[in-house]
Amino acid sequence: MFRTARSKVQTWITAGAGTFAALFVAGLMGAFGALPAHAPPQLPLDAAIDAGRWRVQPVRAYVSHARVYGVLLKPGQKALVLEADMTNRTAQSDKAYFDVFKPDGIALPDPMPMIALTRDATLTPELHPGMTERMAYVWPLAGDATVPASLSFGVTAEIFKPRDNLFGMPGWFNPYRLGTITLPVADVQGTGS
Amino acid sequence: MSAVSTDSGPIVSEETQPEKKWRRRSLVALAILLPLTLAETSYDSAREWLRGEDLIARDVDFGQSVPFGGSDWKLADLRGGKAGRLPDHAFAVIATFTVTIGDPDLQKQWLGCKLMLTDAAGRRWLPDFISGVSLPAGVMNCSSAIFSGARKGDVVTIGDTFIVPEDTIKTIRPAVGLGSERPWYLRFQRPPK
Amino acid sequence: MRIRVLGNLVVLAATVAVSYGMQVTKPHYADLTAPIPVDGAMHDTVRARSFDVRLDKVVFARQLKTNQFGQEKLLTTSGLWAVVSTSLTATAASTTVADGTWQGPAGLRYHQTERLGYRQDMPPHGVDPGLEKRGLFVFEIPPDQISGASLLISARQFGPLDAQARISLDGVPTSADGQPADVLPEYDLDAPQAQTPQGKT
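Chains as they are written, first to last, in my numbering: chain A, 4 to 196; chain B, 37 to 229; chain C, 2 to 202.
So here's chain A without its partners, still in its complex pose (with noise of 0.2 Å):
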């Protein structure tokens, strides 16, 4: 089959249009990963927002600086507190929502929040599927901080697989930051509830 100088000649062919097809492709996808990628949107604040496997509603944001909802603040620190109901809406319980909201422009001692049940305080209870509840994100914040009159906190989703690439089991993956939503921050100088 490879004798002839013809069919030498064809298989450089074939073998390299593969080659340039990979090249071209890659080309392509160079290209539109160069495009700017449109901002994510500011999200409303007087409608649910469908955020993977939690549907929120932002309430209220504030500074307290006292003990809320059971979380114990070191001495000299006060609190950024954001508000939210939260609703399951997977098929069961779960508590995979420290990572839901962040403080945009903030200096965070910690990253990791607090989360709170406001009914009775209980800390990152499991949320069940299709009960909404209100949840108190609460982030320590050094005494001195300064934190605007309006804030931005970032929303993160994640898609649904219902096959993983490892086992092919169900399962929520690739986070990405599905908006921003824009509160305005009270002061609460009082204790918290």
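Just so you know, these hints were derived from the structure itself, not from any lab.
Just so you know, not all the hints are guaranteed correct.
Computed cross-link-like contacts, DSS-like style, restricted to lysine-lysine with a CA-CA straight-line distance of at most 27 Å [stated by the list, open to error]:
(1) B:Lys-118 x B:Lys-188
(2) B:Lys-118 x B:Lys-150
(3) B:Lys-144 x B:Lys-229
(4) B:Lys-56 x B:Lys-110
(5) A:Lys-98 x C:Lys-66
(6) B:Lys-150 x B:Lys-229
(7) C:Lys-27 x A:Lys-164
(8) C:Lys-74 x A:Lys-98
(9) B:Lys-57 x B:Lys-110
Only some residues are given here: those of chain A computed to face chain C with a beta carbon under 10 Å [said to hold, decoys possible]:
(10) Gln-95
(11) Thr-159
(12) Glu-161
(13) Pro-165
Ideal Cβ positions, reconstructed from N, Cα and C, are used throughout, including at glycine.
Got chain A; can you put chains B and C on it based on the hints?
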């Protein structure tokens, strides 16, 4: 592939002969290698499982002292009765062992130490807390013995409390399992009446 | 010779078809390693691998009263509290039964509540062979998840290929619209009627 190579004319018989031979050899090798691979990949799990289970009993007569996990074990006492807060139709049992320490590295030798009661049917009871019943003075349970700092030659008394159903009280026998000796465990004869 | 080439092609095509068929019909890994259900009804003793369980009673309440560290707490919920009493026994060896799930009619899974903190009668339940023990499982559920639901009890939360008791809750009285027939305004977990038979001597 074979279709292509056998197509090409007179050298057929010379080429197929060794090829056939190798094909047969490969098949035989497969029959040997596959089970070997299976054995090799499951070896660790099998070993770990054996090290975690009390599977094979080593029977010990009453009054006899047996080396186990670097120390000498002897059943000191086995007594049962109604005491403390118990469920209906249940007895409280205290089993104690006299142990002469040989290898003082108890944290290694006695890791996963387990005192048990077994009955004629092979059922097993692990220690239970009974409110109102405490171990006699000077008797430690297994895990506190590990950290007691006992030295070579020391004689310590190890024991624990159990809750067993009434109907098994006639046949229960105390047993001891240690991480360093599994899958073997000691099963003691009951003290004579 | 042409037949031979054709034959090879047919074999190739058949292989592709069979492989594709196998890939498509292959059960999920999650299904292959799922717990093995053992079905039963209310008031029946269901025999799982390491424990036996009998569902004795289901009580619905709007509020739960509990004592936490000597402090009385009244727990509310956006749905209903379901307090499930079971009798548990170990089969061969002392063990623990730690996991309860309320599975709604459409398959939604409500895991046992974590809001009660540590209690003697709450999971994980230490169980012994031959000794029946009362164990509670408490759930927060929406009222529309009651009729057609079942209770899943297993030794631990992620127990691949271990037995899972699946008890149908058809015996729970509900009205025509699926709402529970009887909802208490408040249920006291520490009330004497909720005491375990274990308390007697």
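Quiz item: Holds or violated: are the alpha carbons of Lys-118 of chain B and Lys-150 of chain B at most 27 Å from each other?
Solution: 24 Å, holds
Quiz item: Taking 10 Å as the limit, does the beta-carbon of Thr-159 of chain A come near enough to a beta-carbon in chain C?
Solution: 23 Å, violated
Quiz prompt | Distance restraint between Lys-98 of chain A and Lys-66 of chain C, which requires alpha-carbon spacing of 27 Å or less | solution = Distance ~24 Å between Lys-98 of chain A and Lys-66 of chain C Cα, so the pair holds.
Quiz item: Taken at face value, is the distance from the CA of Lys-229 of chain B to the CA of Lys-144 of chain B at most 27 Å?
Solution: Violated. Lys-144 of chain B to Lys-229 of chain B sits at ~36 Å, over the 27 Å cutoff.
Quiz item: Taking the closest Cβ pair, is Glu-161 of chain A under 10 Å from chain C?
Solution: Check failed: Cβ of Glu-161 of chain A comes no nearer than 18 Å to chain C, outside 10 Å.
Quiz prompt | When the least beta-carbon distance from Gln-95 of chain A to chain C is tested against 10 Å, hint result | solution = With a minimum Cβ separation of about 4 Å from chain C (threshold 10 Å), the hint on Gln-95 of chain A holds.
Self-check item: Restraint check for Lys-74 of chain C with Lys-98 of chain A, where alpha carbons must lie at most 27 Å apart
Solution: 23 Å, holds
Quiz item: Within a Cα-Cα threshold of 27 Å, do Lys-56 of chain B and Lys-110 of chain B meet the stated pairing?
Solution: Outside the cut-off at roughly 67 Å; violated.
Practice problem: Quickly compare the C-alpha distance for Lys-27 of chain C and Lys-164 of chain A to 27 Å and report which way the hint goes. | Solution: Holds, at about 17 Å.
Quiz item: Keeping to a limit of 27 Å between CA atoms, is the pair of Lys-118 of chain B and Lys-188 of chain B held or broken?
Solution: 37 Å, violated
Quiz item: CA of Lys-150 of chain B to CA of Lys-229 of chain B, is that 27 Å or under?
Solution: 26 Å, holds
Quiz item: Taking the closest Cβ pair, is Pro-165 of chain A under 10 Å from chain C?
Solution: 9 Å, holds
Checked against the numbered hints given earlier, this structure breaks hints 1, 3, 4, 9, 11 and 12; the rest are met.
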